[in-house]
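**Student:** Residue numbers (numbering that gives the first Met the number 0), protein chains in the order written: chain V, 0 to 300; chain L, 0 to 301.
None of the hints are false.
With a straight-line cut-off of 35 Å between C-alpha atoms, the simulated DSBU-like cross-links for lysine-lysine are:
#1 L:K192 to V:K248
#2 V:K126 to L:K106
#3 L:K43 to L:K105
Which stretches of chain V does chain L cover? Using the computed rule of at least three CB atoms under 8 Å from a CB of chain L, they are:
#4 241 to 248
#5 272 to 281
From the derived model, a few chain L residues whose C-beta atoms are all more than 12 Å from chain V:
#6 A72
#7 T92
#8 T121
It should be emphasised that the hints constitute simulated quantities derived from the structure, not laboratory data.
If you're wondering where the values come from, they're calculated on a predicted model, not measured in any experiment.
Heads up, the beta-carbon is just placed ideally off N, CA and C, and yes, glycines get one too.
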Amino acid sequence: MSQSMATNIRERIARIEKTPAIPAVLLPLMKLLAMPADHVDMDEVARLISYDQAIAAQCLRMVNSPLFGIAKPPNTIPGAVVLLGLNRVESIVMTSCIRLAFPAKNWPLDPAVFWQHSLGCAMVCRKFSKMLGGADAEKAYVSGLLHDVGILVNCVAFAEEFAVSVERARQNQIPLGEAERMTMGFTHCETGVVLAEEWGFADEINEVVAHHHDAGATTKARGLVALVHLSDLLCRMRGLDYGYYERHKVDLLTDPAWTVLLAEYKQLENFDLARFTFELDEAVGQIRELVSTILGGSAQA
Amino acid sequence: MPPVIQPPSSRVSALKPVEAIDPAFRQIRDLVYNVSGIYQAEEKLYLLVDGCGRRMKALGVNGPRDYWNHLTARPSREVELRNLLNELTIGETCLFRSLPQLDALKKVILPELIGEKVRQVTKKIRIWSAGCSTGEEPYTLAMVLSEEQDGLLKGWQFEIVATDLNDRSVETAKAGIYGEYALRNTSDYFKQKYFTRLDEKKFQIRPELKKPISFSRLNLQDDSKMLFMKGFDVIFCCNVLIYFDGVSKGRVISHFMNDLSFGGYLFLGTSESLMQLNDQFHLVHFPGAIAYWKPSPFSQKT
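Modelling step: build the complete structure from the supplied sequences, incorporating the hints.
**Tutor:** Right, dumping it as structure tokens:
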């Protein structure tokens, strides 16, 4: 991205009436949740959640949802955290934080579709990472969840042009990034990384946000970027897409990201991609339910 | 903190409490996958449970653990596995069975093939329905391609070769008469355009639609005949290879590889895979469908 375009994007983001502010608990929570599961201090998670009323309320609403069918749902945050389990708390907390910063009003993209893709990608990243025996499954999860944060920026800061991009993508059944570039001259990767840097995300997450559509272009965190890139493609091919048909053939084996991962993980040579794909389908229904529970009850927001 | 609440036992993201499915069924699922390439995803596991249930009832077997012995330890295990596979794929034969596969063909593959073949003298697309059973698949393909005849396929011909091992199936296929069940995914538009109504419940394919299709009997394991199947752009072979043992399967797949033109595609059943039996095919994804692609020597990348 040229310097002038970056400056331009930065200015546009700064000009939004209400600059999306990072919710105070997000960064400490991200740090906490990025640790291996058995190292996470659940009490600490509960304490951080209690600081933020909106997030706390979201957690309590989840445990009270009929999905759990509990006769006497807990009415305390620690109780809810334990019952929900770390995975779901993680999803709720992250999405709540981001939704607080970007209330979904008149988005050109259906918020449910956006969250299904983001949470789906997060889950696939974690699964993929675990399968490869990577130590950073949780980092992969967070990266997957945040990779498209630029789409939120576009929804808010570039609403009109982005609406045209989305429509163009839908009409021509082409990838959203291509339509963005044709329409606006830049994509959600460029706007996303501006926000990610502003919010102080970890460097490797910034790399993912910036390069998940051109995994070959990055020199830092190459494995993680490649992993998110491939997971994103898989999600778009297995029903966790942006809500329209992409006329697209995806050949993961010839994707440069595959080569990057292959160099890092020997296990990939014997990887059963077909089975992995079928297993992902199992999760699509769960992701949809999760999203409708998270979004449910608060209209579009 | 409320003392009595148990944390979820693992970091599984399933929202609904997992129903108590006997772990033996998951063992059977893996066995089925390893021998046939058919994978029953968790949310379709009930199909496997039902299928096993019907077989267990037929055999008078008490539980899945007992049934597991029938599938693995008894001398009749191969027969039983075949019976189970039959149960699992039953009811899959209908017209317009897999819409994502048809979308991939229509929206991605045809434009790609036409782009690549545009300079050729004979403008023709050749498709093989290998294991066409009673004709549902080739007729579906013929309808889909006919619909493109005024658009994408203007000036192009298409040919569908439909083969099956079973003589009777081939004869039924030629007749092209279908009832409501086989037509459950077929819209009124297609029914009116390509079928003649015979009575309350039966519809027959119109003669025009049969023209581009040639039906014949073929054993996919007949090496000498397989050598003559040449120059296909797309092969559909859905839920057929699942019945073959590893060696025969590998051989049929090599034939398919030779029978396809460069840049051609092989489609299997919707939850069927080649596993790792052939590394020359590239597994490629389309929205909602996977296929095996024979890369052309010139197109290393998509």
